[in-house]
Amino acid sequence: IAACMASEMTKPGYMNINQDHNIFVLTPEHSVGSQLIFRENTAPMIEGKSVLILMASVSTGYTAKAAVQTIAYYGGRTVGIASIFATVDEVVGQPVCSLFNPTDLPDYQTHDAVDCPWCRAGVRLDALVNSFGYSRL
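Quick note: the sequence shown uses the working numbering, first residue 5, plus one each step.
Hints in this document: simulated from the structure, not taken from any laboratory.
A few of these clues could be false.
Unchecked claim - Okay, the calculated beta carbon distance ranges per label pair:
#	residue 1	residue 2	range
1	Val118	Met13	36 to 46 Å
2	Arg140	Tyr66	17 to 27 Å
3	Pro48	His115	38 to 48 Å
4	Leu141	Val36	17 to 27 Å
5	Val133	Glu33	14 to 24 Å
Glycine is no exception: its CB is placed at the ideal position from the N, C-alpha and C atoms.
The whole structure should be built from the sequences, with the hints applied where relevant.
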């Protein structure tokens with residue numbers, strides 16, 4: 005999705021300020037402590053740049069907040085957060101624009117582990133979904 009957006013954002017057009025400019029599509033790495041990092045060869049692609057954070061989903065805002073902080077650390081300026089699904093409208097003052105929200109999924113629920121009614125009832129998870137895919141437990 006990010007590559008398609010970058011392609012569209014660099015095409016000639018009436019409202020396109022990015023025409024003929026480079027747009028870098030980067031994916032951060034996770035350190036041992038789950039901190040987001042960029043390598044020294046990609047860090048210059050962030051420094052002094054306006055950055056749009058693209059995420060599949062923003063449910064608690066925890067990862068989006070880490071992304072905003074990481075962009076700032078590397079000298080970039082976050083201009084917004086875009087996702088396919090989001091339960092929040094903003095994260096640390098940054099707007100979150102999404103295609104879908106909880107009103108589109110009437111049965112959607114999210115809970116901390118200590119507040120999860122299924123966890124309390126002893127109901128085990130069927131699977132975990134992350135950036136690597138779907139993993140049955």
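The hints, checked one at a time:
no., hint, result
1, Val118 / Met13: 36 to 46 Å, "42 Å, holds"
2, Arg140 / Tyr66: 17 to 27 Å, "25 Å, holds"
3, Pro48 / His115: 38 to 48 Å, "41 Å, holds"
4, Leu141 / Val36: 17 to 27 Å, "23 Å, holds"
5, Val133 / Glu33: 14 to 24 Å, "20 Å, holds"
Against the hints set out earlier in the document, no violation occurs for any number.
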